[in-house]
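K.L.:
Let's have the full structure, built from the sequences with the hints guiding it.
Protein chains: 2
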Amino acid sequence: MKIAERKQKEKHDMHQRILNGARKVFLRNGYEQTSMRNIASEISYSAGVIYFHFKDKAEIFHELHKEGFSLLLKQLRVLDSVVDPFERLKAVGRVFIQFARENKDYYNLMFLVEEPLKNPNSGGFQIAQEAISLLHNLVKECQMNGRFIHLDAEYLSFMFLSSIHGICALFCKDRTISFINRTNDELMDNGYACFLNLLEKG
Amino acid sequence: MKIAERKQKEKHDMHQRILNGARKVFLRNGYEQTSMRNIASEISYSAGVIYFHFKDKAEIFHELHKEGFSLLLKQLRVLDSVVDPFERLKAVGRVFIQFARENKDYYNLMFLVEEPLKNPNSGGFQIAQEAISLLHNLVKECQMNGRFIHLDAEYLSFMFLSSIHGICALFCKDRTISFINRTNDELMDNGYACFLNLLEKG
DNA sequence: CTTTTTATTGAACAGTGTTCAGTATGTTTG
DNA sequence: CAAACATACTGAACACTGTTCAATAAAAAG
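Each protein sequence line maps, in turn, to chains C and E.
Quick note on numbering: the first sequence equals residues -16 to 185 in the working numbering.
Quick note on numbering: the second sequence equals residues -16 to 185 in the working numbering.
Quick caveat, the hints were computed from the structure, so don't treat them as lab data.
Each hint should be verified, as a subset may be incorrect.
Identical copies look the same in the list; a pair holds intra-copy or inter-copy alike.
Taking lysine-lysine and the BS3-like style, the derived pairs with C-alpha atoms no more than 25 Å apart in a straight line are [what the hints assert, rightly or not]: (1) K38 <-> K(-10); (2) K57 <-> K7; (3) K156 <-> K38; (4) K(-6) <-> K156.
These figures come from a predicted structure and were not determined experimentally.
P.N.:
Next up, the structure:
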């Protein structure tokens, strides 16, 4: 059964080749501005063959969506060594914002692109929930240390994520330009510092 | 010169007719899912004529973008009667969130659609800056009342807007589904309440 | 060597934003 | 009133989009 084995590998290679091409073009031109023909020509194949390996454009989106979360989670896991949960929470926000800044297009894919498949049980969103529960547990840890004791952990998690996301979303969709005379970096960093200032008192 | 006058009126009527059709289809199907032919057929004209009255799809986007901000600002001006600036600030957030909930597609147009014209001086963004400065002034009023005295007004404004926007953006792009067992209304209202809780202590 | 399975192509379909020659209509001028 | 002109509109066309599919080449199985 050596042949079947090699065939499987070849299939997997092609799957990966398409994904690599798609990632390259997605992250260069954005999701909406990328066509299947663009992806195909990037890897020097015809457009049709993509549909032999992927159901449609949305399926490619989902693979990269998952990939983005993996990357983010990897960067967040570096903070596991930070002992104090509140310090870790604050660092999570910083890493999150840094991730958005450095991976604008991944961030768009993960949080801002119109969601083509609205089924949360489709597996594509399990990894998103993993990130959420990481945050949720962290908040609960903070509470065990006496912080945020009068606040609901789940709503606080949501609020924390929302606030960070708001900063990143304004940045990623170029809406920060309404704040004249401030660079993106100034706004994001000082905006987050301002948020932490409030958080300190909770 | 009665004729020229009527001609001008007719031109304006057509401009408005296209805008009305576009608004209807945009708010029904979303920006990306709306074609020029859809808009044209909505008002029973051929697609070509739109280009006699508008430069391109982006120009229509900008008119509706402005319209959305007018609507939001109108709803915010109701709060002018609220005397205490901090109470007004809190109400501004509530109205903002309510606006997003009731006008999901306007909200998308205003804050989440990929910006086709990135020139902030093009007039289309003056109204956005008007909204920002409304918020900025409100924060400064709060500071005069002794609140947030150790925080920078501009960064606090940005942070406030970001936090509210984050809640609305997650809602508008259906990313709240990652928080299982919670309805959108629960998340948005209690998330915001949580944020206000922190704000109270600033 | 033939049959069957698999991977790939390229043409085609229905849609998109946009442009433009042609037309019909109403206004101005001779 | 008739001729000339300007304006508003149409419909076909162009180059693009996501997607499907018959034809085909290549490789594996019998």
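K.L.:
Between the shortest in-copy and the shortest cross-copy C-alpha distance, which are at most 25 Å for K(-6) and K156: within, between, both, or neither?
P.N.:
Classified as neither: same-chain Cα gap 37 Å, cross-chain 34 Å, threshold 25 Å.
K.L.:
Treating 25 Å as the Cα threshold, decide for K38 and K(-10): within, between, both or neither.
P.N.:
So K38 and K(-10) pass the 25 Å test inside one copy only (20 Å; across, 53 Å).
K.L.:
Measure nothing new, just compare the shortest in-copy and cross-copy C-alpha distances for K156 and K38 to 25 Å and report within, between, both or neither.
P.N.:
So K156 and K38 pass the 25 Å test across copies only (23 Å; inside, 29 Å).
K.L.:
As a check of your reading, is K57 near K7 (CA-CA no more than 25 Å) within one copy, between copies, both or neither?
P.N.:
within (20 Å within a copy, 44 Å between copies)
Hint violations for this structure: number 4 only, all remaining hints satisfied.
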